[in-house]
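Peer 1: Below are the chains, spelled out letter by letter.
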Amino acid sequence: MSNSAGTPGDITRRQMLRRIGLTALVAGPGAGLLTACATGGGSAPAATTSAAPSSGGAVSAANPFGVAADAPLEVVIFKGGLGDSYATEVHEPLYKKAFPKATVKHVATQQIAQTLQPRFAGGDVPDMIANSGTDLMDNGALQQEGQLLELTELWDAPSIDDPNKKVRDMVAPGTVESGLIAGKPYLMNYVFSAYGLWYDSALFEKNGWTPPKTFEEFKAFCEKAKAAGVVPFAYAGKNASYYAYWMILISAAKIEGNQLLIDIDNLADGVWKRDSVKQAAAAWAEIGKYMDKSFEGLIHTDVQTRQNQGKIALYPSGSWLENEQKSQTPKEFKYALTPTPSVTAADKMPFEAIRAAAGEAYIVPAKAKNPKGGLEYLRIMLSKEGARGFTEKSGNITVVTGAADGLDLTPGNASLSAAQTAAGSNIVTFSSFENWYKEFETELRKQTNALMFGRISADEFCDKMQKAADKTKADSSITKQNRTV
Amino acid sequence: MRHGRYPFIVGFLAAPVILYVVFVISPYVQAFYIALTNWKGISANPQFVGLENFSRLLDDEVFWAAVRHHGLLLLVMPLVTIVIALFFSFLLNLSGGQRGGQMTGIWGSKVYRVIFFMPQVLAVAIVGVLFQTIYRPDETGVINGLLGKVGIDPVGWLIEPDLALWAIMGVVVWQAVGFYVVLFSAGMSSIPKDVFEAAALDGAGRFTLFFKITLPLLWDTMQVAWVYLGIAAFDCFALVQVLSVDRGGPDNSTTVLPLEIWRTAFNFSKFGYASAMGVALFFMTITFAALTLRVTRRERIEF
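Protein sequence lines, in the order shown, are assigned to chains A and B. Residues in the first sequence are numbered from 1 upward in steps of one, following the UniProt record's numbering. Residues in the second sequence are numbered from 1 upward in steps of one, following the UniProt record's numbering.
So that you can see chain A by itself, here it is in the shape it has in the complex (with noise of 0.2 Å):
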C-alpha cells in the first residue's frame, strides 16, 4: 500500500525534539523550564506558526479564503472504514490542481488521537484533519483551548459548483447545525449517514420473512428466525456497544420526539428518567435476550462477518456498514436497511422515520500553519466533484446534496435511499453527546452492554445513565455545551 503511515516515526528530528521537550532545555535549562516544558511547548512554537513560509495570497472569485498558492499543505486523515484513497486520489489532487505550485502532505492513521495529541500540544498541527475512529480527538476540549479554526467563512464562501450560492446552501440541511460547538460552527460533517437495522434481502426472501415494523412484531420475528437456526439480532459488545445505544435513543426519539435528543445532549434534569427512555431501553433490553451471551466479548468486525454468513438477522448500524463489509460479503448477499420498529402505538414519529445525519468531523486547527489551506481542502471536499469522488472511493454518500445523483448505487445504498425517501420530514436527529461529553458517552457505552445482555434492568439503565449525566453537569472542570436545534 502506498500510505504513509501516521505513526510517531513519521517525524522529523526537529519535532522530535520538541515532543520530549528538548527544546526548553535546549533553550537554557533553567530550574521552571524543565517542569514546564511538557505544558510550555506551546509558546515556542507558537511563533513560529505566525512565521508561516507565505503569509497569504490574494483574494479572488476563485480563491475566497486568500490562499497563499505555494503554501505547503498537511492533512491527516483517519485511516477507517472510509479508507484514505479519496484523500489520496480525489481531493488532493484537487487542490494541487488549483494550487500546482503547493505540496500536499498525506498523513494516514488508525489512531488520530495518539498521533496528534503530542502535536497539538508542541503547537506542530497539520492544516486539516479527519477527526474520526474510536480514538478521535475530543473536539469539545480542543475548542475549549482554542484550537480549532470556526468555519462561519467556510460556510458563507461562494461554492466551487455555483459561485452565486454559498458552501452552506449546497449541503444537507442540519450538516452546518450538526457541526456547532458553543453555538458556532467548528466541525464539517461529511459523511450522510443513516441508521437502522441492516439484514441480508435475500436471507428474508428466501425464509418468507419481513422485518418487524412494532416490537410485538420483533418479538415474533426472533422466536422465527431461532427457530430457523439464524440470531435474531446482535451487535459486538466488545468494541462497538455504541451501535445498540443508538438504536435505544432511536427508539426514544420516536416515541418522543427530537426533544428528547436534544435534552439529552443538554443534560436535561431527568431526562433519562422519562417514559420515552425506559420503554425504549425495556423494549431493547427484550430483545437483548435472543443474543448469545459471548456477543459481548466479540468486536464488531466478528459479528459483521457472521450476518455475511447468514447467521444473524438483524444488525444495527450506520451506512458505511455495507462498504466496510464489501470484502467479506458473499455475491448472493444483498445489504437492505429497515428503520427501527415503533415501540408504542401512540409514537410521536412513524415506523418509517430514520435518524440521518451528518457525521465524521473534518476539522481545521486554528493554529495550523496554512489554515486557508485547510478551509479551502473543505470547500474542493464540498464540491461536486470532490463529493462525488468520495462516494466512488469510499462507497459513501457525503452531504453534497445531488452529488451522487446518477452514481451506481449498491444494493446497501439503494436501500437507503428508498428509506429516506419513506422517511421524508421523518427525521431522528443527531446527537451531539458523543463528540461533547467523551466520559459520559463511556459510561453508556458500558450500561448499554450492562443492559443487553441482562445484568441490569431498564429502570437500573435510566437511574445510572441520570446519574452519569448529573455527574457531568456537575463537574466544573467541564465545558458546558447547549444545542437548541
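These are calculated hints, taken from the structure and not from any lab test. Remember, it's a predicted structure, so these values are computed and weren't measured experimentally. Don't be surprised by glycine CBs; every beta carbon is placed ideally from N, CA and C. Check each hint, because a few of them may be wrong.
[Claimed, not checked] Here are the in silico distance ranges between beta carbons for each label pair:
1) B:142 <-> A:467: 33 to 43 Å
2) A:459 <-> B:130: 32 to 42 Å
3) B:284 <-> A:417: 54 to 64 Å
4) A:327 <-> B:140: 16 to 26 Å
5) B:151 <-> A:293: 10 to 20 Å
Chain A is fixed; fit chain B onto it per the hints.
Peer 2: Using the frame of chain A, we list chain B on its own:
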C-alpha cells in the same frame, strides 16, 4: 596518574545522568505538577487547581475499582507465579537425583527450560492477541472448543464480570513464570553443591531438600522476584487493554489504573486528573516496594 581522573569519570557519567534526568526524573516532576492543574493536554495554559484532582479521586468509583483490582492482583499474582516457578525450577535443577555427585534436574530439563522461557520472549501485545483467540467466549475459542468436545458449554472467560479479571491474571502468570524459573534456576545453581550432598547423605528426601535447604538459601532471589512481580501487578495495562470487553469491562470488572490514566488523558482530555491518578499509583508502588523490602528483611546466610 590520579590527575585528570575526575574529569574523566565525570565526562563519562554526565551523559547517562543527563539522560536519566531528562527521561526519568523530569517526567515525574512534571507529573506531580500537572496533577495540580486542570491541563487538557492540548494547549499551554493549564490552571492551577491545587488538590482538587485528588479530592475528586476519593469518590471516583472507577478509580477505586481499579485500586481493588491492583490489591487482588498483588495478593494473588506474585504468590501463584512464585510457587509455580519454584516448583518448576526445583524439578528442572535438583529433583533428578544425583549423578556423579551432582544434583540434576528431571530428564529433558534443558528443553523444558526453553519452553518455559518462550512466553517471556513474546511481546505483551502478541500474548494479548493470542489469548483473545484462546479465551474467545464461543465455541471458536481454543479453550471453549476443547470444552465443547467433552460436552461442556462455552465459558465466558472475559465476559463474566466475576471471571474476567481471573482470566487476565492467568495470562499474566503464564507469561511471567518462565522468567522466574530462569531466575530461580540461577539462584539454585549458586547454592554450594556440598550442602545438598551432605543433606542427601544424611538421608534427606526431596521435600526436605526443598523446604529446609533450597528455600532458605533462595530467600534473596525470592525477595527480588516478589518486588518485581508486585510492581508488575501495578501495570497490566496492555493485557487489559487488548483482552477486556470495552477496555476494562464488563462493568469495570477488569480495569486497572494505567488503563484509566490512559483513558482519562487521551480519551477524556483530562491530563491533570490523569496525572493525579499517576501520582497515586506512584505512591502505591513505592509503598509496596518499601514495605516488601522491610517485611521480608532477614539475616543473610553466608556460604
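Peer 1: Output the numbers, in ascending order, of every earlier hint that fails for this structure.
Peer 2: none
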